[in-house]
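K.L.:
Go by the hints and put chains B, C and D onto chain A.
Residue numbers (my numbering), protein chains in the order written: chain A, 1 to 230; chain B, 1 to 230; chain C, 1 to 226; chain D, 1 to 226.
Hints listed in this document are in silico derivations from the structure and should not be mistaken for laboratory results. Be careful, since some hints might not be right.
Here are some, though not all, of the chain B residues that point toward chain C, as calculated from beta-carbon distances under 7 Å [as the list claims (entries may be wrong)]:
(1) 1
(2) 2
(3) 5
(4) 6
(5) 122
(6) 123
(7) 174
(8) 178
(9) 205
(10) 206
(11) 210
(12) 211
(13) 213
(14) 216
Model, not experiment: these values are computed from the prediction. We put the CB at the ideal spot given by N, CA and C, even for glycine.
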Amino acid sequence: MIKKPIITAAEAAALVKSGDVVQVGGFINCGSPDSVIAAIVARGAQAPRELTLVCNDSGLHDEAKGKFTSIAPLIKAKLARKIIASHIGTNPETQRQMNSGETEVLLVPQGTLAERVRAAGAGLGGILTPTGLGTEVEIGKQKLTVGSKVYLLEEPLPGDVALVKARKGDKAGNLQYAKTARNFNPLMATACKLVIAEVEELVEIGQIDPDQVHTPSIFVDYLVITGAAT
Amino acid sequence: MIKKPIITAAEAAALVKSGDVVQVGGFINCGSPDSVIAAIVARGAQAPRELTLVCNDSGLHDEAKGKFTSIAPLIKAKLARKIIASHIGTNPETQRQMNSGETEVLLVPQGTLAERVRAAGAGLGGILTPTGLGTEVEIGKQKLTVGSKVYLLEEPLPGDVALVKARKGDKAGNLQYAKTARNFNPLMATACKLVIAEVEELVEIGQIDPDQVHTPSIFVDYLVITGAAT
Amino acid sequence: MIEYQENKEIIARRIARIFQTGEVVNLGIGLPTLVGNFVPADVTVILQSENGLIGLGPAPQPGQADKDLTNAGAMPVTILSGGAFFDSATSFGIIRGGHVDYTVLGVLETDQEGNLANYKIPGKMVPGMGGAMDLTTGSRVVIAATTHLEKSGTSKLKRRCSLPLTAANEVNIVVTDVGYFEVLGGRFHLAEYFPPYTPDWILAHTDADVVVRQDCKAWPPEEGCK
Amino acid sequence: MIEYQENKEIIARRIARIFQTGEVVNLGIGLPTLVGNFVPADVTVILQSENGLIGLGPAPQPGQADKDLTNAGAMPVTILSGGAFFDSATSFGIIRGGHVDYTVLGVLETDQEGNLANYKIPGKMVPGMGGAMDLTTGSRVVIAATTHLEKSGTSKLKRRCSLPLTAANEVNIVVTDVGYFEVLGGRFHLAEYFPPYTPDWILAHTDADVVVRQDCKAWPPEEGCK
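Isolated chain A (complex conformation) (with noise of 0.2 Å):
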């Protein structure tokens, strides 16, 4: 097996372009690349800029306690342009944001944000689902009848780079997650041209057990080693 260029947060950070589309795993405050989005955020006037950012959430904005979890940090640096979440409930700054105009945000059903992403991931030009008939999320989609069920036609969402979290990686770039950590975490690592994996411990080719990988080795391209966090 090929092995990947393991990278600092830093490097890992200067890949992400003004414009991308960024894919974050996690929930929340559980299974985010934290040590990438924090290097992004200090690049400061150098942060690329107008991202689009998809997560399954807006992630912690708790000014009071001083903690911000997930994309809160991205979002708190004015660094994205829009954001693409099924939940933005335990951020105020992103709903702050967005009434202001400042940020647009697009609510997708937590389920059918699933599909989406690993749609394009797997080369589907889309799915059908039930999720959202009779509510505002099926305004501008086609309607399609199959069977006697109505679906509506829910199209891909691929992205320029991935950032994902796992608990071990090998030098091949195969990936574990742990417990409900693992989320987004291997959907987003196959819908995207980029793929950086921050990993908490890295272990040799041949240490994963190959009937237990999270994620293949091929769709990681860059490994950033964390150590464990606290």
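P.N.:
Relative to chain A, chains B, C and D alone:
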């Protein structure tokens, strides 16, 4: 967790009814629930008839060597009314029954078959795929344009009974497959009303790492223990 | 005269009595999460959490929280022996595919057509739908859990929701702190009233068409009548 | 006069020289499988097998076959360190999603429009398409591997396939035992000829429009010219 009933292959065979759509895991000679298939054939005059079999392929049928794998014994016993598969090239009896008009054969591209089964299990009304465009596969199907690309609408393929084969199962029904014996098994376990899992090894609840479950217990209705095959 | 007093616990207690052993249940954030505390000891339900697990266990002991193990509300949780983790596509395959028996959700409004609104108050608050739209579409039975009245005194059960819908015609059961309603044929059917509230009080305090079922009874049943 | 002699090995040898280190390749059943034997030692390709693995290794030692580890042709295989197994939906997600760089397939016929037929001879033989339709649709580059002539002497490269198509306008490269062709703009472009065959011989023995590229050269290059 709830324990699932452990039954014999003969008891499992009796759960399959004439006219059922039966999805069978396995890939030619690897990963099929051979004990349950043998038990169905062993029912003789009581065996269910007019089955629709959904399987990657129709198995090996080798009269000379007396070797019959996957669904080949069911076809040999003339229990199938229809076979939905991607490949029948290793089973001359399937070809014979098709040519003579005894059995209907529907050929489906392998990736489309996988997605159609998955869609049934995941509550999708279908998927859009570029596979089969410009071939006989597109006949009678709806074409949709998404972005600038044309796709075929492929509909979900649900089943009445899934017969799957796993390396290991716990008493709750969590399953792990081995190597390439995984194939269609986990997909079919999601797509059928009744799921019977043949496992080589039964372990206690808690002995399968929850991060490494291939089929979660809630999909499995019955367990059949076969011991390791040779 | 009966004075209304918000009582979330009775809602959770009543809903917890609906499930049978082996059924798969998804409990939403907030009030629905309380339901888990009241499932009878002789009933084993399997809790699914849409962020990617089956076999949700109780909250961890203090100091035992695992950063990689949370529920959909970002709270630390545990997993029971025999549980399983999976990605979000698999999780919603389970949900959308009809493999969850019950989903219990909180609401801003619900109505007699089985509509439910809980993700958006235009111009005010937009938390987003999260997994709620998939859960209401895919689950076999949708249970709305809500206090009966707003703090302002208005009924949360409506003839027609005015807020953007999370689910259209999907709600099967509504349990409030005054009674248990089935949603059928464009009306709420009162199946149980929770004393001190009476069917008459409920009819007078519900801004929707309510039918009192002929077999409508008090809940919980008097100890003496058990 | 040059007499045609079937030579599968040169086809496999030439195709094996196309790949670069790190590229993901799927080799079809039969002739394409031979390609794996000729990849240069200094090139590391990653072989995918559509029945569910990445990192396909060589055939097992005698007596070492694992009943749970086969390739798409039902032959026992091995997996390299760092490989991975997955289910069929994931496998074809990899294929259809454009994550396979090259697919090498055998053909019954292929034509100058990039069509390929290899799954069905109506009324005679219907093996089925297996994964070939997804592989030709999804892979970045589609390579048809075929002897140049039928046993009957007819060209397997056609103006227009007459058999039911496996792939419509998907073939990029055709390697036969007489030369290496690119498929472009509705014609075969001869990029290399394999001596003793000559461009003239190839033009005379191909029932299709063939352009001889200006830089068309012999392959393998003479040792002396390396």
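K.L.:
If a hint holds in the structure, say so; if it doesn't, say that too.
P.N.:
Going down the list of hints, with the structure as the test:
1. 1: holds, 3 Å
2. 2: holds, 5 Å
3. 5: Cβ of residue 5 of chain B sits 11 Å from chain C, so the hint is violated.
4. 6: violated, 15 Å
5. 122: Since chain C brings a Cβ to about 3 Å from residue 122 of chain B, closer than 7 Å, the hint holds.
6. 123: holds, 3 Å
7. 174: For residue 174 of chain B, the interface hint holds, since the closest Cβ of chain C sits about 6 Å away, which is under 7 Å.
8. 178: violated, 18 Å
9. 205: holds, 4 Å
10. 206: holds, 4 Å
11. 210: holds, 5 Å
12. 211: Status holds, d = 5 Å.
13. 213: Nearest chain C Cβ about 4 Å off; hint holds.
14. 216: With a closest approach of 4 Å, the residue 216 of chain B hint holds.
Hint check: violations occur at hints 3, 4 and 8; the rest are consistent with the structure.
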